[in-house]
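Participant: Kindly produce the complete structure, drawing on both the sequences and the hints.
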Amino acid sequence: MAELPKIVWHRLRRTSAGAAPSPAVASVAERTKSEHPDANLLTAFLEQSLTKRERALVMSHLAECAECREQISLVLPELEPESPLALRRAQRRPVWRLWQTLRWGALAASLGALAVLVVLHHPASNVLQKVSPPGEPASVPAAANSQAENSGGTPGALSADRSVSPPRPSRKAEDMQAEEQAILRSSNKYRSAKAKDQPGSSSLAFTHEPGERVAEPGAPAPAVSVFRRGVTPESHNSSVAGGPSPIEPSKEGATREPLEKVPGAVTDSSSTQELANAQTREFGREVAREETAARKKVVAKGESSNLAEMKSRPEVAVPTPPASAHADEFRSVYQSAPTTRPTSARPAVVAQWTLSSSGKLERSLDDGRTWTEAEVDRNITFRALAAVGSDVWVGGSKGALYHSMDSGMHWDRVNLLLEGTTVTDDIIRIDFEDSRHGTVTTAAGVSWVTVDGGRHWTKEVSIR
Amino acid sequence: MDDRTGSTPLELAPDLQKLFVELYGKSGAEKFGLTLGDFARILIEIGAKYLPADAGPAEAVEFYTSLRVEELAVARACARANDSAWEAFLIRYREKLYDAAHAIAKEDSRARELADSLYADLFGTETRDGQRVSKLNYYAGRGSLEGWLRTVLAQEYVNRCRAERRLVSLDEQSEAGVQFRAADADPDPVFDLRLEAATDEALAALDAEDKFILASYYLDGRTLADIGRVLGVHEATISRRVERITDSLSKAITKGLIRRGMSRRQAEEALRIDVRDFSIDLRARLVGKGARNEPKIVP
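Respectively, the protein sequence lines represent chains E and V. According to this note's numbering, the first sequence is numbered sequentially starting from 154. According to this note's numbering, the second sequence is numbered sequentially starting from -6.
Calculated from the structure, these hints are not laboratory results. Among the hints, a few may not be true.
Straight-line alpha carbon distances no greater than 30 angstroms define the calculated DSBU-like cross-link-like pairs of lysine-lysine that follow [as the list claims (entries may be wrong)]:
(1) K205(E) to K19(V)
(2) K128(V) to K89(V)
(3) K89(V) to K612(E)
(4) K11(V) to K513(E)
(5) K89(V) to K513(E)
(6) K99(V) to K89(V)
(7) K205(E) to K11(V)
(8) K513(E) to K24(V)
(9) K205(E) to K42(V)
If you want the ones that stay clear, here's a sample from chain V, every Cβ over 10 angstroms from chain E, calculated [said to hold, decoys possible]:
(10) A6
(11) L12
(12) P50
(13) Y57
(14) V126
Since the structure is predicted, the reported quantities are computational estimates derived from the model, not experimental observations. Glycine is no exception: its CB is placed at the ideal position from the N, C-alpha and C atoms.
Facilitator: Here it is, written out as structure tokens:
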């Protein structure tokens, strides 16, 4: 950093410390020094909400008042510490380094694009992409098309939906759920076939994260939140019941031919593995075709009035269709989210959160100028809130605890279980120091601690 | 205008009346027991304090529209001891207050003490003329209530630190082993009067924001990131500005010295070198590495 001439440092210090300034600046210093801005002005200054004239006055005062500068430095909330390397880079960045970085960045980007193309065009992974969580298009009807547009040409399901006939008349929510489960069952069958084909290979269709949150026993599987996490009803139920559920035959579409009779399969008896692979791929294509057909129905219905029915379920968190006044804001937030892995979605807009006096969760996307209610659960009065980056935790009456990893685009209900019984005490405090480590406290004085972002919770008894 | 209390109606321009009614509805003040008249009086009091005397109607409308009326309603209703307002305040701000105190004071016990003390002031433990005196009456809705609470906490913290410094006992310090060194023999270096005048002239010509950046960086030792956050820009921008300001200051001072009769070489030398400053690396000077390698000024 440039060196400051010593004389400048001394004169600057004298004016800041209130020592007698030279005649050239006497009137300005005396005027500004004597009028410390009050807390309202300092707050508005930091939040960039002063008028130009006021800002100029406050700025000229701050330039000469070390006390007020110290005060505003205390008011600023702490940021996460940056690595020294990042700081050095920010401070000094020679042009040649920039070009070097750009060059390597371009190379990495082209390699990444090549890898994506290879994956997309590979027959096996093509099928796997089509069986990504079906709940997503149904739960985010407003975003489904934009996600499909951004998916880089995901074949089949989403992109094909735009060419379907107009939505059919609405059907009951139970029918929707049944069809979604049929999709999942047929996908599971594919997964088991593939696993049989390649023992030890992990399923890529539904990434079943170990130790996912345990749902309430006996409760209907929430259509949105569970699917978004990649947990199928079967695996979901099995996590409660303690064992894998048997694969049920699909009730949809064409009958299945035994694997051995799949046409076009390799028949060379000396390569039974190749035969099995080919059969599996063929089977997978059939499954994908059926799923595409079923998904069209699901998405079409999701875009019709069934959205209202889905909303009426008590534990389903459905993002509201963008209100007309904020449609552009919301659209930009949805479009910035990745398509196939919503769990890793990180909207570009930084949201602020608060709880209203009536216990509703509110969000602001414009630095607190306007607030809109976030649709989480109408039946809950929220009393505690914590937000770390795009991770938002909100809790309230009857043990209700919700978590969003993408600034409120999607919400998961988290149920704290104690010896098989769901905790129903009001949640009155939530503390998260980062996205993984947090504590939730109930009105009964019990604290629940997580160190893995809410996948596991440990009960602690607070000592008062 | 009907203020619903039967008291003397306020005299306001029709535009402002309409705006006040709109803001009253938006603020939700009614559910906290504030009438339209109460709310209008609060707005007028804030306008009288912050609006310039020569503000036109459009400026007044813009000013009132920019206020955080919902938070203002909560704060002022709390100052009037409204229970539902306090409930709302506690739900929204209780944890944030303690977190802010912790961020300022760093230490748990001090943070809790700071927050509890502010709570008492917000609640209003003192009375004046039979009325409870609450600090929330000073909140004007210019910024967020949370930001205002942080600022008030910071003010309180700075005041406490200063009070503690003043009350330090010299005997205790001596017993604790604190060494009191003698005053510097030459605390302030004496500069050429022409140099001082040229420097003051150059500093006076600086933009207030530039001066703020210089003071924050070189005097207060703030990081570029902190300064950037205050001004709402990236730290890289601040870094470039510091370079630019320092460079332009040097040039301005050199020109000022030339105007005062020095040659260019003399002016540059006067700016760079002070032989009484022994923090300068004389070896580097003797080897003749030039100005670039001179050490940064260390006070």
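Participant: Hint compliance check: list the failing hint numbers for this structure, sorted ascending.
Facilitator: Hint check: nothing fails, all pass.
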